[in-house]
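Trainee: Sequence:
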Amino acid sequence: MAKSANKAKRIGILGGTFNPIHLGHLGLASQAMKKLSLSKVIFIPTYLPPHKAIRGNASPADRINMIRSAIKNRKSFRVSLYEINRKRKSYSIDTIKYFKRRLGRSCELYFLVGSDMLKGIRLWKDMHSILEIVNFVVCSRSHYAIKQYPAPIQKLRIATKDISSSQIRRLTGEKRSLKGLVFPKVASYIKKKGLYA
Numbered sequence: 001m002a003k004s005a006n007k008a009k010r011i012g013i014l015g016g017t018f019n020p021i022h023l024g025h026l027g028l029a030s031q032a033m034k035k036l037s038l039s040k041v042i043f044i045p046t047y048l049p050p051h052k053a054i055r056g057n058a059s060p061a062d063r064i065n066m067i068r069s070a071i072k073n074r075k076s077f078r079v080s081l082y083e084i085n086r087k088r089k090s091y092s093i094d095t096i097k098y099f100k101r102r103l104g105r106s107c108e109l110y111f112l113v114g115s116d117m118l119k120g121i122r123l124w125k126d127m128h129s130i131l132e133i134v135n136f137v138v139c140s141r142s143h144y145a146i147k148q149y150p151a152p153i154q155k156l157r158i159a160t161k162d163i164s165s166s167q168i169r170r171l172t173g174e175k176r177s178l179k180g181l182v183f184p185k186v187a188s189y190i191k192k193k194g195l196y197a
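Quick note: the sequence shown, position 48, residue 48 per this note's numbering, numbers continuous.
A few of these clues could be false.
As the list claims (entries may be wrong) - Mimicking DSBU-like on lysine-lysine, the simulated pairs with C-alpha atoms at most 30 Å apart in a straight line are:
hint, residue 1, residue 2
1, K175, K161
2, K35, K75
3, K87, K72
4, K185, K87
5, K89, K75
6, K52, K192
7, K89, K72
Said to hold, decoys possible - Just the calculated beta-carbon pair ranges, DEER-fashion:
hint, residue 1, residue 2, range
8, R86, L131, 31 to 41 Å
9, L123, K161, 19 to 29 Å
10, S39, R176, 29 to 39 Å
11, I54, K191, 19 to 29 Å
12, R68, S37, 19 to 29 Å
13, S166, K9, 27 to 37 Å
14, H51, R170, 18 to 28 Å
15, K155, K9, 21 to 31 Å
16, H51, P152, 17 to 27 Å
17, E174, R101, 21 to 31 Å
18, K191, H128, 39 to 49 Å
19, R55, K125, 39 to 49 Å
20, G173, K75, 31 to 41 Å
No wet-lab data here; the hints were simulated from the structure.
Here the structure is a predicted model, which means the values were calculated and not measured.
Beta carbons: idealized from backbone N, C-alpha and C, even for Gly.
Let the sequences and hints guide you as you build the complete structure.
Mentor: What follows is the structure, encoded as structure tokens:
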């Protein structure tokens, strides 16, 4: 597990397609920030995930705009275009190393993932190195049960809405309401741009 001085700033990094970002993502980030005493959480939309396809017609710019709209009034939330600007597959280890270099030793990184992401953990590139560089935190959602993963993987119980981006895309295609699933500005953006129709 990553070690650092007690005075180091704790920074959370949360990656994903955010296709689209929803209240579950924001709930995870908010609760992780509070329970882990993080100074901020950086949302990192991927350009092209290594192990799954990006569904729907939202462009990288659309996904970025929706994230910015969702976190606009949260000073402790940021969005990074690092993976988007690379315009190729990005592996977590590469992104983690980038932020470690950029933020320096004065920051302690907490890599936040939902427990649903662990289904493919054995496919992750350089997982051993990831665990050495960052605090790897599995945040459990109501729909998924955390297995007893050994240290140094940390487990964090959170209470978030059982929402998925695929659910939102499906509801949008069915012309159903997204109330309670995404911020109103995100819902308006989806409608205006004709996304996921």
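Trainee: Is 21 to 31 Å respected by the C-beta to C-beta distance linking E174 and R101?
Mentor: 45 Å, violated
Trainee: Evaluate the given range 39 to 49 Å for the C-beta pair formed by K191 and H128.
Mentor: Since the Cβ atoms of K191 and H128 sit about 45 Å apart, the hinted range of 39 to 49 Å holds.
Trainee: Falls inside 19 to 29 Å, the C-beta gap from R68 to S37?
Mentor: 25 Å, holds
Trainee: Within a Cα-Cα threshold of 30 Å, do K89 and K75 meet the stated pairing?
Mentor: 29 Å, holds
Trainee: Note whether the CB distance of L123 and K161 lies within 19 to 29 Å or breaks it.
Mentor: Given range 19 to 29 Å: holds, Cβ gap about 28 Å.
Trainee: For the pair we were handed, K89 and K72, check the Cα-Cα distance against 30 Å.
Mentor: Cα-Cα ~27 Å, so holds.
Trainee: Go ahead and decide if the range 29 to 39 Å is satisfied by the Cβ distance of S39 to R176.
Mentor: 38 Å, holds
Trainee: Evaluate the given range 18 to 28 Å for the C-beta pair formed by H51 and R170.
Mentor: The hinted range 18 to 28 Å holds for H51 and R170, with Cβ atoms some 21 Å apart.
Trainee: Assess, step by step, whether the Cα of K35 is no farther than 30 Å from the Cα of K75, and give holds or violated.
Mentor: 18 Å, holds
Trainee: Is 21 to 31 Å right for how far apart the beta carbons of K155 and K9 are?
Mentor: 23 Å, holds
Trainee: So if I understand the rule, the pair passes when the alpha-carbon distance is 30 Å or less; does K175 with K161 pass?
Mentor: Holds: K175 and K161 sit about 21 Å apart, inside 30 Å.
Trainee: Indicate whether the distance between the beta carbons of R55 and K125 respects the range 39 to 49 Å.
Mentor: At roughly 23 Å between Cβ atoms, K125 and R55 fall outside 39 to 49 Å, so the hint is violated.
Checked against the numbered hints listed earlier, the structure breaks hints 8, 17, 19; every other hint is satisfied.
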